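Number of protein chains: 2
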Amino acid sequence: MGGPADENGYPMIESVKGGVVASAGFRTASIHCGLKSDGASRDLAVLLSDRPTQSAAMFTTNRVKSAAVRWSEKRVRENNIRAIVVNAGNANACTGKRGEEDAERTARVAASLLGLAPSQVFLASTGIIGVPLPVEKIEYGLRSAVPRLSGGIEAGEAFALAIMTTDTVPKSVAFRFQASRKQLTLGGATKGVGMIAPNMATMLCFLTTDASISQAALDRALRDAVEQSFNRVTVDGHMSTNDTVVILANGAAGNELIEEGTPDYATFCHTLDIACLSLAKMMVRDGEGATRMIRVEVTGALAREDATKAARAVANSPLVKAAVNGGDPNWGRIISAAGYSGAEMEEERAKLWIGDLLVFDTGSPTGCPKVELAAFVQKPEVHFRIDLGMGAESDTYWTCDLSKEYVSINADYHT
Amino acid sequence: MGGPADENGYPMIESVKGGVVASAGFRTASIHCGLKSDGASRDLAVLLSDRPTQSAAMFTTNRVKSAAVRWSEKRVRENNIRAIVVNAGNANACTGKRGEEDAERTARVAASLLGLAPSQVFLASTGIIGVPLPVEKIEYGLRSAVPRLSGGIEAGEAFALAIMTTDTVPKSVAFRFQASRKQLTLGGATKGVGMIAPNMATMLCFLTTDASISQAALDRALRDAVEQSFNRVTVDGHMSTNDTVVILANGAAGNELIEEGTPDYATFCHTLDIACLSLAKMMVRDGEGATRMIRVEVTGALAREDATKAARAVANSPLVKAAVNGGDPNWGRIISAAGYSGAEMEEERAKLWIGDLLVFDTGSPTGCPKVELAAFVQKPEVHFRIDLGMGAESDTYWTCDLSKEYVSINADYHT
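These protein sequences, in sequence, are chains A and B. Here the first sequence stands for residues 7 to 421, where the numbers follow the numbering used here. Here the second sequence stands for residues 7 to 421, where the numbers follow the numbering used here.
If you are wondering where the hints come from, they were derived from the structure by calculation, not from laboratory data. All values derive from a computational prediction rather than experimental measurement.
Copies of the same chain look alike in the list, so a pair counts if it works inside one copy or between any two.
In silico lysine-lysine, BS3-like type, Cα no more than 27 Å apart, as pairs: (1) Lys376 / Lys143; (2) Lys410 / Lys385; (3) Lys357 / Lys103; (4) Lys376 / Lys410; (5) Lys376 / Lys42; (6) Lys103 / Lys376; (7) Lys385 / Lys287; (8) Lys410 / Lys287.
Looking at chain A on its own, in the form it has when it is part of the complex (with noise of 0.2 Å):
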């Protein structure tokens, strides 16, 4: 591998800014079209690689999928795509018949501007479900987008922002790694802070690189970093219809084709963890209404899926979310929810820790003082920790705190 290596071994990688247009060879324009109702904000952007590209993609598990979803699958199997066109502010979701015409709509025109087959465009939608997509819009949004498509630093910002809805700040990442002497950039840019729960959620993530990688080790990279990240995010236990993680590697880096089980795979693997990770914890961060975010660890488990459905469930448990809003230290709330969670668990061999304190030991309260718990409640960061005391398996959800802003963004979204 070569070069310097951090305390893991891995070799270092770098931050660096331009998010998805980072790597060699892509570049994006983005505008407002019309479909954010501020009549100011950017809300369609366009991605292009240069160059032909091995893609992966993730989508939503709902039985109710976006048109785009429904589009983009097909695209994906394909692994032709050379564009990706997201919409912000209109889901094209229940929209049926109609939604799907204007899905195709929409990649024919921006297809013909770039010089492209329909098929080799990916599509993504994000925004309100039901009403039908002004791909009037959309048409003339991408007639001024293209000519301006650039590899810039804030073209690559300005992506970020495009895709926002609720979110309060862009979200995006870019690494530099070595991979067998070449230089090679991931980048990526999310969106989405409320629907989200685990196993995707109203979320749009897209990841490019200049890495040379087959499909098939693009593929399982892309996998085992969204089960570890995106699948371990939760703000409110709703999964959405246009969830959506796609990367897209186009081999500009001129580096030898990354193949699973080499050392550069390893590499490739390892960035794309790090990057997937810092976005999906962006996006808890930027929870709707959040004001703290919510690190939730469950070891000791029989089996990873006990670890996994009581952490789960103590990151969607409202009770739990409030009391954190209020600074409150109420762990009754974070035992009793992994009490239901479904997980072999049995009171007397429990442990719970808030912050460094144990609260909770072995089926006995330690007494420990509510004023030092509240110091830990208080932080931007909460940690909880439980220890089932059954195994040797462990989990981590990410969560944030449950705030009335919530339910006002959520009351008031549609009107």
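Place chain B on chain A using the hints.
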């Protein structure tokens, strides 16, 4: 069966006052013993049957159970219960060995004051988790309450007040009905407005009847009634450690013993079903911070289980519940919650009604105007019906909206 019948052929049942002591041969007393911090509200209640009872009960399925639940599970198996002691303000859960000793001491003190064996005393607790029960307060509370036991209407109403925690109104019912030419009574009281989830909730429900009924019939009738009432309501999907529904039947009405499969059994079940559903709906209507009740009806499901899953997912979605709080007909959230519920469904076969209006028809929006829809979402009782178009099975859940008030209540409950 005799006597006047309703339109389904069931004997008429008459609503009466008195709650748990409307049934002959029951007495109650309740006082403030210092568990509720306001220094005034009743927080301890005793309910006594003057004669032996048949009993049946259902408890939380949470793996973490209160000391009261552990104690009372044994008492129901022995089927020799004469008295119930309930306290509100402290759950006596996650309190370890000390919690069990405190529960036993409560039963011992009550038994000695009532001239019973400790094993004849059923216990229930509700309130904060993880704080040792102030058992001395309970002890002098019992000494003050027992001499005041009464069968009067006011005592019955006070019982419903004493079991409240964050409830804003007391919840009790009583019904008189005829069986084999005898007049029978069934009464009940319930509490619970947060931590309410299917398969019971932070809820306590106490039912009494002066019917003579076999233990087997009583147990069957209770399970069936709970399944269709308390197990079909949800406030926040968080299941508590203390949930308890118990019924005592003391035979004071002198009717012929009711056995399963008889006309009298059908009448008894009908009355019990109505009592449980009435109490369950009162809980939802008083849900923490609730401003509207929501009925989620799913029809046309392939299997009953699919209907249950879809109805539950919609009823538990914070996004759906926040939209209803805003009086906002954001129906895409309803369809997408059904979509991720795990129920067998195809978007192209599904229909959705809000109130009387069809908004989504076999895959497409009907174009129903938002202002007409909003009128139905702004009613005190909102009705959603999803027809999955897959089969003939159905199910219904009741829930409430999610308000800023819910967050306030739960951010500050502990401290």
